[in-house]
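K.L.:
Sequence:
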Amino acid sequence: MEQKNSNYGLGMGVFGAVFFIFGFATTFIVTMTAPVKAIFGLPEWGAQLLSSAFFITYPILSIPSGKLVARIGYKWTVILGLLLMGIGSLIFWPAAKIPSFPMFLIATFILAAGVVFLQVAANPYVTALGPESSASSRLNLTQALNSIATMIAPWIISVAIFRGLSETMMSAKEYGFAAAERVPFPFITMAIVVIAVAVILFAIKLPVLVSEKKEGAKKSVWSYPHVILGAFAIFAYVGAEVGNAGLIVNYLKNSGGIDPEVASTYAAIYWGGAMIGRFFGAIMFSDMKSKAKKYGMVVLVLGLALVSGAFVTAKGYTFDTWNFNAGLTFMIVALVNFVIMQIGSGKAARTLGVFALVAASLALITTFTTGEVALWTIISIGLFNSIMFPNIFSLAVKDLDGEEMASASGIINSLVVGGAVIPPLMGAIADSVGYTWAFVVPAICYIYIFFYAVKGHAIRTA
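Per numbering that gives the first Met the number 0: the sequence shown = residues 0 to 461.
Everything labelled a hint here was simulated from the structure, so no lab data went into it. A portion of the hints provided could be inaccurate.
To be verified - Okay, the calculated beta carbon distance ranges per label pair: (1) D430 to V335: 31 to 37 Å; (2) A457 to R70: 43 to 49 Å; (3) D398 to F39: 29 to 35 Å; (4) G295 to S431: 32 to 38 Å; (5) K292 to I59: 40 to 46 Å.
Beta carbons are placed, not taken as given, at the ideal position from N, Cα and C, and that holds for glycine.
Generate coordinates for the entire structure from the input sequences, incorporating the hints supplied.
P.N.:
Structure follows, in structure tokens:
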């Protein structure tokens, strides 16, 4: 692909904002499973249906969204997605006021439809906006912006919904209604923001991408095994990431006796790990030649890990309440993550394979341990999730032309439905045999991703 105009920075800036928006929305909904469980008195598998309502939109709408991108372009697809997100967000207001769990599910589905439109348009646009050699770096950078939002969302739930509520001071019904009363404000705020961004996007001109057509007969994207196997890797990755995140708050509450407000802040660190790891990925997969500059940026990212970990786990609103013990631990784990990343030598497939093995190991350690060890092993998985989506996606669309890439993006994003399938499965296991055993499921998912990194991405012909 070639750029029709040179305004590369504008394209990256706008789509960086888009990644931030759909990252926030996705994580906010996933973390909402904990207050929804309290509001409606649901079993764990029932609360995880909120994640299912979100991620079921992907198999329904991803392939049509890919065709829509080809017909109306990236910009208009994104604007439509933002408007759908705004509508869905506003429906949460009456859903919480009634309160009505079916209406929660409807609002989630509509909001998620908008997110699908954004994601199907955003990933191939960023991949194609520059050289193929640095596609993983660009996706890691925009996914890092996505992850800043995913770290903020659980913290907002902790502050806006759980802070000041105590299950020991009121009945379960009173606690649920009190939580429901606090739900509308963050969703109304989200609606205002996404509609404003849609208006701004309408008013500006984005770089237009045109395809370089391949010579010879066209093949269906379905005939490329590396695309289809990559789609299943996305299924495994999203299912594992969302399943872990959806259970963290109630796992820490039931297995560690941690208050939901505090547990939500640790869920924020889990998502913050994806942010830190993706910043590392953007640095290591870039074309940057200066080692001094690279490692200087790594030090800044480690500082971000310290500060963000201390901030989101703070016990109040002032600096003296920041939890620097949690921040320091998070920074040390981030440093270990960066050291392990060096085994990948800046190669997308190798790094993906190493991270998948580590994530599987951490999930299994969570299953067979308790206390502080289990707390930090489940949270640390976020760091090793970090580069998985951008690396899987870039490997799955490698060597495709523009038309093929739009179709492949639709297929790949349709398998994000893993986020609808895996969390209820983990919830059912948690209900029947305990929370710790639920983490065997993501371990299996990470083992499949290891296969894709080592073998699956290299299978180029059917």
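K.L.:
The structure should be examined with respect to each hint, and the outcome stated for every one.
P.N.:
Results for each hint:
no., hint, result
1, D430 to V335: 31 to 37 Å, "holds (33 Å)"
2, A457 to R70: 43 to 49 Å, "violated (33 Å)"
3, D398 to F39: 29 to 35 Å, "violated (48 Å)"
4, G295 to S431: 32 to 38 Å, "violated (50 Å)"
5, K292 to I59: 40 to 46 Å, "holds (45 Å)"
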